[in-house]
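2 protein chains.
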Amino acid sequence: MAEINRRIVLAARPHGEPNPSHFRLEEGRVPAPREGEVLLRTRWLSLDPYMRGRMSAAKSYAEPVGIGEVMTGEVVAEVTASNNPAYQVGDLVTAFSGWQDYAVSAGKALRRVDPALAPPTTALGVLGMPGMTAYTGLLTIGQPKPGETVVVAAAAGPVGSLVGQIARIRGARAVGIAGGPEKCAYLRDELGFDAAVDHRGEDLPGALAAACPNGIDVYFENVGGAVFEAVLPLLNDFARVPVCGLVAGYNATELPPGPDRTPVLMRAILTRRLHLQGFIVWDFADQAAAFGREVGAWLKAGRVTYREDIVEGLENAPEAFIGMLQGRNFGKLVVRVA
Amino acid sequence: MAEINRRIVLAARPHGEPNPSHFRLEEGRVPAPREGEVLLRTRWLSLDPYMRGRMSAAKSYAEPVGIGEVMTGEVVAEVTASNNPAYQVGDLVTAFSGWQDYAVSAGKALRRVDPALAPPTTALGVLGMPGMTAYTGLLTIGQPKPGETVVVAAAAGPVGSLVGQIARIRGARAVGIAGGPEKCAYLRDELGFDAAVDHRGEDLPGALAAACPNGIDVYFENVGGAVFEAVLPLLNDFARVPVCGLVAGYNATELPPGPDRTPVLMRAILTRRLHLQGFIVWDFADQAAAFGREVGAWLKAGRVTYREDIVEGLENAPEAFIGMLQGRNFGKLVVRVA
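So the sequences go chain by chain: A and B. In this text, residue positions in the first sequence follow the working numbering: the first is -14, and each later residue adds one. In this text, residue positions in the second sequence follow the working numbering: the first is -14, and each later residue adds one.
Next comes chain A alone, as it looks inside the complex (with noise of 0.2 Å):
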């Protein structure tokens, strides 16, 4: 075991995109675990979209990490030092330990990882809060049916790519978006997405028109900005938009110039009467059984498959997580710590 507890802090809020100076690696000591309390080792860390609204001091769903404190996050994690009888040194876990090396723990937020039904790192991906996040807000918000077209941006990362499975499960058409052609044909020919295009392409109105020659149903909305704005005009009547992020806006510094288009937005709503539902996972936590059962199922029967990208060494966690933002990884962006 190290006796150093490495552990990345937030140095200073960006004001637009984040640089490595925002970020600090520190050195301490590992804590001790006292009564009841559990000694956890970082294995591997999830970088997620959700962590550049954590370094931002604006009102949002959860508070901002507090300068100089360690980054947050989930890990995975082994227990390497127990004083809690319900857990035993090398039992597998996640926790909200964050960007850190070691962390103890009372025990009370840890979930069990068998490493026997499917590989730890998915329990930070398909099996995990990304899994459930596009597991309840396309089924309880989305709703969608056989035959509709289901359309969803950042679709190779870990949601968008269960969103567009779970779609085809449930017999409608998926549609995915995505950046490069690498990334498409992945969406297309490994995951059986109907349709997929490029938003870096030339024309991404039109490219999106002709592959939703229907229209659209249900937009899983997880980028806002241009993309946004290529769907809007294909929402059919009665179409459902979960909100479950805007990361094309995550490190906007202003708004974007005039006029303001707000009253296009509300009209299409009134008059196609569009549903806009924003959520976060935890809103739906009384599904966890539920989604944990229904999609360990497929993930077994080999009816939804997952990507990861994998990033070795702690102290690349600030490097790949600016990258993530620009969409650079390739699937699930996960740190192996130890």
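Please note that the accuracy of each hint is not assured.
Pairs involving identical chains hold if they fit within one copy or between any two copies, as the list cannot separate such chains.
To be verified - Heads up, simulated DMTMM-like pairs for lysine to aspartate or glutamate below, C-alpha to C-alpha not over 20 Å straight-line:
| id | residue 1 | residue 2 |
| --- | --- | --- |
| 1 | K93 | D76 |
| 2 | K285 | E297 |
| 3 | K44 | E214 |
| 4 | K130 | E304 |
| 5 | K44 | D222 |
| 6 | K44 | D268 |
| 7 | K285 | E175 |
| 8 | K130 | E48 |
| 9 | K130 | D268 |
| 10 | K93 | E22 |
| 11 | K93 | D271 |
Just so you know, the hints here were simulated from the structure itself, not pulled from any lab data.
Could you slot chain B onto chain A? The hints should help.
Chain B in isolation, oriented as in the chain A frame:
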């Protein structure tokens, strides 16, 4: 029976505010009912904001009125001749026969009006389309819970006034927005709203915030524009926004100046998990019986009250309609035709 059928047709499509030149009063022969048809004599004509949409060629949930065609509208009419065994001379019905003295109907889209149950004009207001709009949108999408705060604009109108009263019946706090002190006093003193805010006052955002110390849980949207801007910052987590109308923008000829505030709305939807949903009353046609039963009972029991603004003479319908879009009516606007 008059020998002449007066009808008001769309003379030209307005760009911006309608004025009298966009309407034309024509005279023609009273149509003769054929086999299976009835002749309807218009008694009262309902004037409603949605008609502004029908004057425009822009795509919406209904076809526009053609140039030279009779303006669309619902009426209470009396059967004055009948070749249909289901209807007798003297029967009162509602019909979508438009801004004219007479019309023939095959009887299929008629709804009987029983003057013994309530004044016939209520079939165009509290017990008609506006009432059902309030009932279905508020209860199905808004879903107010006891203790929650419900805000509605155009609150002295037929939709808004019922929204507030139903909110109160359901145990919620009702806050109405209306134009001028007289309407605000009516909301508080006669309809029992918990608070009323004058949108013509100097500081609408401040006044609304003061009237909603616990934020807003349901905002019944029928105006848009500056009112929605004042509402948005006050919406609580998980607030519901039935989008029923956007009358503040119906006469707009261009979008408001920039910046584009769409991302502000989308971010609010995401982080506060708002639920915005457009609807028109016909989407909830299956609730017609429940609406009539429940609101009818509230009306009879004095738990719901209403106000009408009666204009005399079909020839005055255009001016009354133009005034309604400016908020000049006070209560449900109805034209007494005969």
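Here's how the hints hold up against the structure:
With identical chains, the CA atoms of K93 and D76 are at most 20 Å apart within one copy only, with a shortest distance of 15 Å there and 71 Å across copies. In this homomeric assembly, K285 and E297 never come within 20 Å of each other (Cα to Cα): the closest approach is 27 Å inside a single copy and 73 Å across copies. When the C-alpha separation of K44 and E214 is checked against a cutoff of 20 Å, the pair qualifies only between copies, where the shortest distance is 18 Å, while the shortest distance within a copy is 25 Å. In this assembly of identical chains, the alpha carbons of K130 and E304 never lie at most 20 Å apart, being 40 Å within a copy and 47 Å across copies at closest.
Within a single copy, K44 and D222 get their C-alpha atoms only as close as 33 Å, which misses the 20 Å cut-off; across copies the closest is 12 Å, which meets it. In the homo-oligomer, the alpha carbons of K44 and D268 lie at most 20 Å apart inside one protomer (18 Å), although the nearest pairing across protomers, at 36 Å, exceeds that limit. Taking the shortest alpha-carbon separations for K285 and E175, only the intra-copy value of 16 Å comes in at or below 20 Å, while the best inter-copy value is 64 Å. Taking the closest pair of Cα atoms, K130 and E48 never come within 20 Å of each other, the shortest separation being 37 Å inside a single copy and 27 Å across copies.
Taking the closest pair of Cα atoms, K130 and D268 come within 20 Å of each other only across two copies (18 Å); inside a single copy the shortest separation is 23 Å, beyond that limit. Only within a single protomer do K93 and E22 lie at most 20 Å apart by alpha-carbon distance; the minimum there is 9 Å, versus 74 Å between protomers. For the homomeric pair K93 and D271, the shortest alpha-carbon distance inside one copy (17 Å) is at most 20 Å, but the shortest distance between copies (48 Å) is not.
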